[in-house]
Amino acid sequence: DSGVTQTPKHLITATGQRVTLRCSPRSGDLSVYWYQQSLDQGLQFLIQYYNGEERAKGNILERFSAQQFPDLHSELNLSSLELGDSALYFCASSVGSTGGNIQYFGAGTRLSVL
Amino acid sequence: GENVEQHPSTLSVQEGDSAVIKCTYSDSASNYFPWYKQELGKRPQLIIDIRSNVGEKKDQRIAVTLNKTAKHFSLHITETQPEDSAVYFCAAITLRWINDMRFGAGTRLTVKP
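Residue numbers (the working numbering), protein chains in the order written: chain X, 1 to 114; chain P, 1 to 113.
Looking at chain X on its own, in the form it has when it is part of the complex:
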């Protein structure tokens, strides 16, 4: 167990809908990262927050948004969902703000868009 908690584990929804994925980082970690992993695909970095502020942005669609709250948990909001958004979404956390800090991954949320 990495100490990073993601909920829900599975999510099934329809096209056009909006969902929210939640991540609680390890105790003491200030950075949260979000990744998307489609079937048989690599990890796509989406976005990073550090202590409530956006610190890095990757290939995140405009339909997606994220935030990190004062208690350091983070939420990834996916709207106007499309079939292609079906994927495993991972959250990771690290102590510091730079990517050089070891990232600990959560178990992921599997999103199925039907």
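Please keep in mind that the hints were generated in silico from the structure rather than gathered at the bench.
A hint or two may mislead.
[Unchecked claim] Pulled from the structure, derived: some chain P residues nowhere near chain X, Cβ distances all over 12 Å:
| hint | residue |
| --- | --- |
| 1 | K22 |
| 2 | R61 |
| 3 | D84 |
[Said to hold, decoys possible] Simulated crosslink set (DSBU-like; lysine-lysine; CA at most 30 Å straight-line):
| hint | chain 1 | residue 1 | chain 2 | residue 2 |
| --- | --- | --- | --- | --- |
| 4 | P | K22 | P | K58 |
| 5 | P | K58 | P | K37 |
| 6 | P | K37 | P | K112 |
| 7 | P | K37 | P | K68 |
| 8 | P | K22 | P | K42 |
| 9 | P | K71 | X | K57 |
| 10 | P | K57 | P | K22 |
| 11 | X | K9 | P | K42 |
| 12 | P | K58 | P | K112 |
| 13 | P | K57 | P | K68 |
| 14 | X | K9 | P | K37 |
| 15 | P | K22 | X | K57 |
| 16 | X | K57 | P | K37 |
| 17 | P | K58 | P | K71 |
| 18 | P | K68 | X | K57 |
| 19 | X | K57 | P | K42 |
Since we're looking at a predicted model, the values are computed, not measured.
Built from N, CA and C at the ideal position, the CB exists for glycine as well.
Given the coordinates of chain X, assemble chain P onto it according to the supplied hints.
Using the frame of chain X, we list chain P on its own:
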């Protein structure tokens, strides 16, 4: 920045043999290179990493080499075991105020007993 290229996409070796996975990157500012192992249905886990001021790093049966001039880095696994079977991802990260993280597409390693 551009994506990281990772080769091969699949690799099958006999138990006890060595396995080598290579990655190339294009951003000369990249200065941190982690490798992740992801077993089927599980989360990625960091197995080794290297920073740009180091040419090689070893941890038991795993080693990583970095050639900054050529912009490539490699993962070497010696004396492979069936439990090494997994997907391995490399990443090239540029550490700065706004980080830039690029991942390879992954290599599916199968170690045959």
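Here's how the hints hold up against the structure:
no., hint, result
1, K22, "15 Å, holds"
2, R61, "20 Å, holds"
3, D84, "19 Å, holds"
4, P:K22 - P:K58, "16 Å, holds"
5, P:K58 - P:K37, "16 Å, holds"
6, P:K37 - P:K112, "18 Å, holds"
7, P:K37 - P:K68, "23 Å, holds"
8, P:K22 - P:K42, "23 Å, holds"
9, P:K71 - X:K57, "23 Å, holds"
10, P:K57 - P:K22, "15 Å, holds"
11, X:K9 - P:K42, "12 Å, holds"
12, P:K58 - P:K112, "24 Å, holds"
13, P:K57 - P:K68, "14 Å, holds"
14, X:K9 - P:K37, "21 Å, holds"
15, P:K22 - X:K57, "26 Å, holds"
16, X:K57 - P:K37, "23 Å, holds"
17, P:K58 - P:K71, "19 Å, holds"
18, P:K68 - X:K57, "25 Å, holds"
19, X:K57 - P:K42, "25 Å, holds"
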